[in-house]
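**Student:** Below are the chains, spelled out letter by letter.
Protein chains: 2
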Amino acid sequence: MTPSAPSDNPDFSKGDGLLPAIAQDAVTGEVLMMAYMNPESYAETVRTGRAVYFSRSRNKLWRKGEESGNVQEVQSIWLDCDRDTILLKVHQIGDAACHTGYRSCFYSRVTSDGLVEEGTKVFDPDKVYKK
Amino acid sequence: MTPSAPSDNPDFSKGDGLLPAIAQDAVTGEVLMMAYMNPESYAETVRTGRAVYFSRSRNKLWRKGEESGNVQEVQSIWLDCDRDTILLKVHQIGDAACHTGYRSCFYSRVTSDGLVEEGTKVFDPDKVYKK
Chain A
1 MTPSAPSDNP DFSKGDGLLP AIAQDAVTGE VLMMAYMNPE SYAETVRTGR AVYFSRSRNK
61 LWRKGEESGN VQEVQSIWLD CDRDTILLKV HQIGDAACHT GYRSCFYSRV TSDGLVEEGT
121 KVFDPDKVYK K
Chain B
1 MTPSAPSDNP DFSKGDGLLP AIAQDAVTGE VLMMAYMNPE SYAETVRTGR AVYFSRSRNK
61 LWRKGEESGN VQEVQSIWLD CDRDTILLKV HQIGDAACHT GYRSCFYSRV TSDGLVEEGT
121 KVFDPDKVYK K
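Those sequence lines, one after another, are chains A and B. The first sequence begins at 1 in the working numbering and counts up by one. The second sequence begins at 1 in the working numbering and counts up by one.
Derived from the structure by calculation, the hints contain no laboratory data. One or more of the hints may lead you astray.
Remember, identical chains collapse to one label, so a pair may be satisfied in a single copy or spanning two.
Straight-line distance between alpha carbons at most 35 angstroms, and here's what the computed DSBU-like set of lysine-lysine pairs gives [unchecked claim]: (1) Lys127 / Lys60; (2) Lys60 / Lys121; (3) Lys127 / Lys89; (4) Lys14 / Lys127; (5) Lys89 / Lys121; (6) Lys60 / Lys89.
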């Protein structure tokens, strides 16, 4: 996929060069995670069909799954009406997007008793991220 | 819902006081929009059960649907593993979240021929937002 005109690209001028990108399971619709993209990571995602983000904490490209193997195969890419948010519909290899081992990063539900963890851990992070 | 401890709340220190909030249809799983929340809008959302964002362009609270009537009834609130992104599962009144009249703001699909609008317009914005 090579978007052909500037107006067909995300408007990175809006987010100080970084825009939020939501990854959603293409089949179940589950929202898996949200991270940020810069123009380079967006271009690589479009070119390779694998999700590449920009890590704000490490200040470099983050090829999702490069360490854990849990890459995200991108099924489709969507931009919102302002072209300042990106939505990826993905196939999550390894069945877990979150570094904690949960399928989705959004496993903490807000309740009147505080946060309650719901969801199932797919893997043990200690075994996947070898120290 | 009144989260009971600071650690049960979003960590607004991470986003210069604003954190991204994703609104997802609670039934279909469709991602409807993404906007931002400050502590005040988050607290009002939790308290009232209706989505309240913070408009960066207008620099004030944005009670979603206050003009169009298309409010979002919040079914559940989720935080991600870093507590710096909020996910709302909502019932979208009026069946459209986007000010353009589309059901979802993510109606523009990235293709090799550029952006292609997919999805159905639910309402005519000229009729809803009376000038």
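**Student:** Work down the list of hints and note, for each, if the structure agrees.
**Tutor:** Against the structure, the hints:
1. Lys127 / Lys60: within (25 angstroms within a copy, 46 angstroms between copies)
2. Lys60 / Lys121: within (28 angstroms within a copy, 39 angstroms between copies)
3. Lys127 / Lys89: The answer is both: 27 angstroms in one copy and 32 angstroms across copies each meet 35 angstroms.
4. Lys14 / Lys127: between (39 angstroms within a copy, 29 angstroms between copies)
5. Lys89 / Lys121: both (21 angstroms within a copy, 21 angstroms between copies)
6. Lys60 / Lys89: Both ways: Lys60 and Lys89 sit 23 angstroms apart in one copy and 32 angstroms across, limit 35 angstroms.
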